[in-house]
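**Q** Note that the protein sequences, when read in sequence, are chains A and B. Number 300 in numbering that gives the first Met the number 0 belongs to position 301 of the first sequence; there are no gaps in the numbering. Number 253 in numbering that gives the first Met the number 0 belongs to position 254 of the second sequence; there are no gaps in the numbering.
Rather than coming from a laboratory, the hints here were simulated on the basis of the structure. Don't take every hint at face value.
To be verified - Subject to a maximum C-alpha distance of 25 Å in a straight line, what follows is the list of computed SDA-like cross-link-like pairs (lysine to any residue):
(1) A:K149 with A:H168
(2) A:K4 with B:M145
(3) A:K287 with A:S242
(4) B:K252 with B:G182
(5) B:K252 with B:D185
(6) A:K217 with B:E166
(7) A:K217 with B:G126
(8) A:K4 with B:G126
(9) A:K149 with A:F256
(10) A:K217 with B:D95
(11) A:K217 with B:P58
(12) A:K287 with A:A304
(13) A:K217 with B:T125
(14) A:K217 with B:A120
(15) A:K217 with A:F56
(16) A:K217 with B:T78
(17) A:K217 with B:E101
(18) A:K4 with A:A19
(19) A:K4 with B:G143
(20) B:K24 with B:D216
(21) B:K24 with B:G230
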Amino acid sequence: MSGWKRDLPIGLVVLAALIAAPAFGLPRFWITTVTVFFIWATVVSQWNLVFGVAGIFSLAQMAIFAIGGYTTAMMGLYLEWSLWLALPVSGLLAVVFGAVVGLACLRLTGAYVALLTLAIAYILFLLIVTDTDCVYYEGTVCRSLTEGWKGLGRYGDYGFRDLFGRDFHLGNYGLALAVLTLATLFSFAIVRSPMGLAFRALRDNPGYAVSRGVSRFKYQLLVFALSAFFTGLAGSVYAGVFSVIGPNVLQLGLLLFLLSMMVVGGVGRPWGPLIGAALLMLVDETLKEEAFAGYRNIGLGLILAAVVVLLPQGLAGGIDNLARRLARRGGGAPGE
Amino acid sequence: MNADPVPLLRCRGVSKYFGALAAVKSLSFDVAAGEALGIGGPNGAGKTTLFEVISGLNPADEGSIELEGAAIERVAPATVCHRGIARTFQFNAGFDTLSVRENVLVSAHFGRRNRAWPGLAHDRATGELADRALELVGMTERAGHMVRDLPVFHRKLLMMASAMATEPRLLLMDEPVGGLNPGEIDRMMEIVLGLREQGVTIILIEHVMRFLVQLSDRVLIMHHGESIYEGSPRGLTRDARVIEVYLGEGMAKRLRDAMAGGDGGG
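Chain A on its own, in the form it takes in the complex:
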């Protein structure tokens, strides 16, 4: 595939720069912020497989993320597992959950998938915040299974504090970067494999795809399940990095923030999630500054509106078109 010849060098340069950044004195605050970017970019890169490539309007991605995060937290807290052991289990449990969501959406299309998956996420949110039954007492303090609104804590971390002392944030940075790198490679490989072809065929024309031998049942389940693995891992990494996980990860605001990343970057484009997540995180951090107080949401909204109107295929689509136009002007072959 010719796409790899262009994408692999770009990816390696970006990866090298990200690995080198802390050594070149990237301030601690930014290292933590970029770590969060890695986590969100992982989620969006997998969401893009379902939403962009397969064209299924699922909004379940943060519920899958929460399953991953809570699994890790509970295994650390109740089973006293090392988070490293909990990490793959969280990914696999997320896959099971993702497949169940995919199964539930099988007979639905379009906006109805969005409604059902949003409902699933909201039910999960409600189950957590209304969870007040005491499963055990700590002294006289009642502890519930998920700790409701407060969220779970005190389940440990990925051990970077013991390993690196006060530089533990570098460990988090490395882990999140590793997961993002694998997730990105995974999504590129899927998009360019026959599976990606099946997902895109079903997106463009499901009836026609089925009559050409592509089973909708199988590939819809597959895209939900496959995209859930790294989403679950991202949830697990989040739980380890923040040492606390609560129902706030299921709130609509965050879901829409991540959805905006995908739209701004370019829905269905392999590079879209990374570009969109990087830009929106940067803008969000900038607008958090005192000087812009009150303009944060307006600013993000304006960017989203501008991209939807001016670059309907997102920044990645815009860059592709620009490159194609330049190649044509330079006498090169038109497109790929």
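The hints should help you fit chain B onto chain A, whose structure is shown.
**A** Chain B alone, transformed into the frame defined by chain A:
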């Protein structure tokens, strides 16, 4: 016609209802391997519904459909494709945001058999099959084009290439020349004749009678979901019922004249 004891396709008492309307009503017919059956009839006669039923997209309510003796009337459409029935559509179906070659690759990779695991890359044979299918319809030069940019004729050709890339034993064509100009119809006729020479079994629905009559060994005319004529193309133009509900005297005469002039062999 049916020298072979087990025909390639056997339909017995096939019915499809939409509410009280019988779109296809206890229809029975056989298609022998290597044969070309033409299906005609007025709009709303149930021709396309019959294709929907055979290809499994809209299963039959009654009756049996067998492909080489194996029942397929309850089989999922993707599996019907794997069993060897490919179909083109009246509306110009295609994967709009995929390239021409990718469209054919979908068929070549997924259409021939069930893939338990779709793999991370398609093999060389699959790629070559896709390229041959494009060559068959003369679209090799357009392999990289995006399908949504194609004109109608090329979309029809692509649909044909995509059907052939599944290596079908039975090809169902739904109005392959509907909306095409005479030159394009001739080109399509050449392609279908080429397929017939390769021994592909064909059922085709067409309103362009010259196309239907010249390409079919046998013709079946449907009206209100039922068969009102089944026999030779020549007999079609003399059948009082067919002339009454479908052809009309003028068209029947033109076809008779065309057939008398077109081929000298009796």
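**Q** Next, verify each hint and record whether it holds.
**A** Right, here's what the structure says about each hint:
no.: 1; hint: A:K149 with A:H168; verdict: holds, 24 Å
no.: 2; hint: A:K4 with B:M145; verdict: holds, 21 Å
no.: 3; hint: A:K287 with A:S242; verdict: holds, 23 Å
no.: 4; hint: B:K252 with B:G182; verdict: holds, 23 Å
no.: 5; hint: B:K252 with B:D185; verdict: holds, 22 Å
no.: 6; hint: A:K217 with B:E166; verdict: holds, 22 Å
no.: 7; hint: A:K217 with B:G126; verdict: holds, 23 Å
no.: 8; hint: A:K4 with B:G126; verdict: holds, 20 Å
no.: 9; hint: A:K149 with A:F256; verdict: holds, 22 Å
no.: 10; hint: A:K217 with B:D95; verdict: holds, 22 Å
no.: 11; hint: A:K217 with B:P58; verdict: holds, 20 Å
no.: 12; hint: A:K287 with A:A304; verdict: holds, 20 Å
no.: 13; hint: A:K217 with B:T125; verdict: holds, 21 Å
no.: 14; hint: A:K217 with B:A120; verdict: holds, 18 Å
no.: 15; hint: A:K217 with A:F56; verdict: holds, 17 Å
no.: 16; hint: A:K217 with B:T78; verdict: holds, 12 Å
no.: 17; hint: A:K217 with B:E101; verdict: holds, 20 Å
no.: 18; hint: A:K4 with A:A19; verdict: holds, 23 Å
no.: 19; hint: A:K4 with B:G143; verdict: holds, 18 Å
no.: 20; hint: B:K24 with B:D216; verdict: holds, 24 Å
no.: 21; hint: B:K24 with B:G230; verdict: holds, 19 Å
Checked against the numbered hints given earlier, the structure satisfies every one of them.
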